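Q: Read off the chains here:
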Amino acid sequence: MRRSTEICRRIARAAAAAGLAAAISMALSANAAAEPPAGTSGLTIQVLIYSGRPDPLFVIRDPAQIAKLKQLLDQAAPDQAADAAKSILPSLLGYKGFLILNPGALGGLPREVAVYQQRVQTRDGGSRRVLSDSGAIESFLAGEAERSKALDARALEILRTGRGGNQGPR
Amino acid sequence: MRASTTARVPAMLAAGLAALALGACCSQPTFTPTFWNDAGTIQYHNNCYNYSNNHRTDTFAQPGRAAGAMYAGLTCADVLAAAAADGIPRLPTTGVCPDSRDKIALVVAPGIDFHWYRLDTSGFWTHKPGATQATNVDNSGNPITNPETANRGIYTDFCGYFCSCSDAKEGNGHEKIN
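Protein chains in written order, with this note's numbering: chain C, 4 to 173; chain A, 15 to 192.
Because the hints were derived from the structure by calculation, they are not lab data. The structure presented is a predicted model; accordingly, all values stated were derived computationally and were not measured. We treat Cβ as the ideally placed atom computed from N, Cα and C, and that holds for glycine. Please note that the accuracy of each hint is not assured.
Said to hold, decoys possible - Computed beta-carbon distance windows for the label pairs:
no. : chain 1 : residue 1 : chain 2 : residue 2 : range
1   : A       : Pro-106   : C       : Asp-65    : 22 to 32 Å
2   : A       : Val-110   : C       : Asp-127   : 47 to 57 Å
3   : C       : Pro-66    : A       : Ala-98    : 47 to 57 Å
4   : C       : Glu-160   : A       : Gly-174   : 25 to 35 Å
Unchecked claim - Okay, derived cross-link-like pairs now, SDA-like style, lysine to any residue, Cα gap no bigger than 20 Å in a straight line:
no. : chain 1 : residue 1 : chain 2 : residue 2
5   : C       : Lys-89    : A       : Ile-56
6   : C       : Lys-89    : A       : Asp-52
7   : C       : Lys-89    : A       : Pro-47
With the rest of the complex left out, here is chain A (with noise of 0.2 Å):
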């Protein structure tokens, strides 16, 4: 027993590190579209950046923005190089996101734009199409089991998993992007 509880050290030294730099605590979203489908202030200027991470910004976030890195180009290897500026760390090979963190995924329609989807505590992915609403299906209408096989029209190409610090509070994550 105490040889496990001293293997856990690190791992619980590294989440308590990782809350001191957020100055907050991870947990996963729940689908609580109400709050971003306003019709108004809040629909209008956040996008699929901000909902992914749960982050209210009013600002349209674009990765890397905060951070003084924004993306060069609509690829994927730039856009994720934008977001890990912003301190959004690729899922661990384990599949499993560290620190209660939320898995986030990062689509792009090359050369035209970008989108992201985020799991809600239901087991599925919801995502918010620019300024239009929070929703949880596809353009098909579908529930999206699975963002790389859901109807993502022109975003064809699937660049990976990311791991968002989001909160069970919505418009309330702690990733720094603006």
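One chain only, chain C, in its complex shape (with noise of 0.2 Å):
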């Protein structure tokens, strides 16, 4: 093993070319990465319940709806104690929560807001924070994506599910 890994070394050394060929094709399709599908003019809501496949997303674009969750967002207290550089995001395997992407910054919300239960962390350029509420954020994004229709009858089972807490430790 360890010779046959010596010469492999050597022959990829001479392929270094290749290498480089893949790695600006593998750049280029880096930036290639998928936008939002609210760009600017709305809120992109990824509802985390998937592993492999990409999460569902809808949008809020109501100005009414996007004006409450500000308010939600302003009655979370900040959680001192928490590390800001560590997602609240739990690593499970089901329901892990909501992530809100505003790239365009509307209703004075943070440019990315991730939600668990009673957490909320925020990022907004280099500042992150985390906040606690009592999970009015959850709930309120919980209904939206009921009402959003985008989530087929076995995604929104997984939601339900996973808020209801019976998916192991958090």
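Could you fit the two chains together into a complex? Lean on the hints.
A: Right, here's the structure in full:
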């Protein structure tokens, strides 16, 4: 195995040009990552329920609903003990929260908000904060997800079961 | 001694040709979650397929997409065929990945989703559930010694093991996924 690895390394060095071409190709594909569907005209909400396939997305454009979300966020209290550099989203198979993408900074909301149970994490440029609430933001988003029709019956079941706390430790 | 060396030549040649095809050498990763767990671009745009292959693309990589042969259904048969189209081989019957490739495992929630695990140098399995953090524990909070028996929630179908050309440097795996 050691000998074959040594040969592998020698040949790989000779193939550096091919590797460079592959790296350029990969960099181009990374730059081609899709923009959120709402762009800057609404809030794109990602329902975190899958691991491999893309999560369901829905959009909130109604100014009244955006204002409601801002009100709920303003009512949340800073969690001084939390490490803002660490994600609040649980590493579970199943329901694991919501992600709000707001590239247009609509409604005075942060550009990115992660929500799971009673915890909220905001990111705006280099600034990150962790907040606590009563679970009202998660409930609001779950209601909007149901109304959006973006989730099929199985996805809704995963969301409901997960929010019911039947997935094991958090 | 000479006969033994001669017998190894085809294997060494195969390893060399594989390296030539990939433009790199394979090695097993360590568990270095800080690379993936940035609560930002890397974490949110790289999934279990990226993590298990140790290859950051920021595209939430899908089996078969790079090869133009994405899975048609969320079954073991369809997803493993898509991974094969990406050039990721099944684990040989010897149970050992050739050419210093890393063992990875596929599970499926039938009709719903797929999920991948990878084996690290520690001897434990680790994974990255979607847009969340890479972790070394299962849904019960236990270290993963065997993905076949780990608490996988709704991912009830164990599909099998594969061999990925990973890298000791995090995010720099060599499989062509997207």
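Q: If you check each hint against the structure, which ones fail?
A: 1
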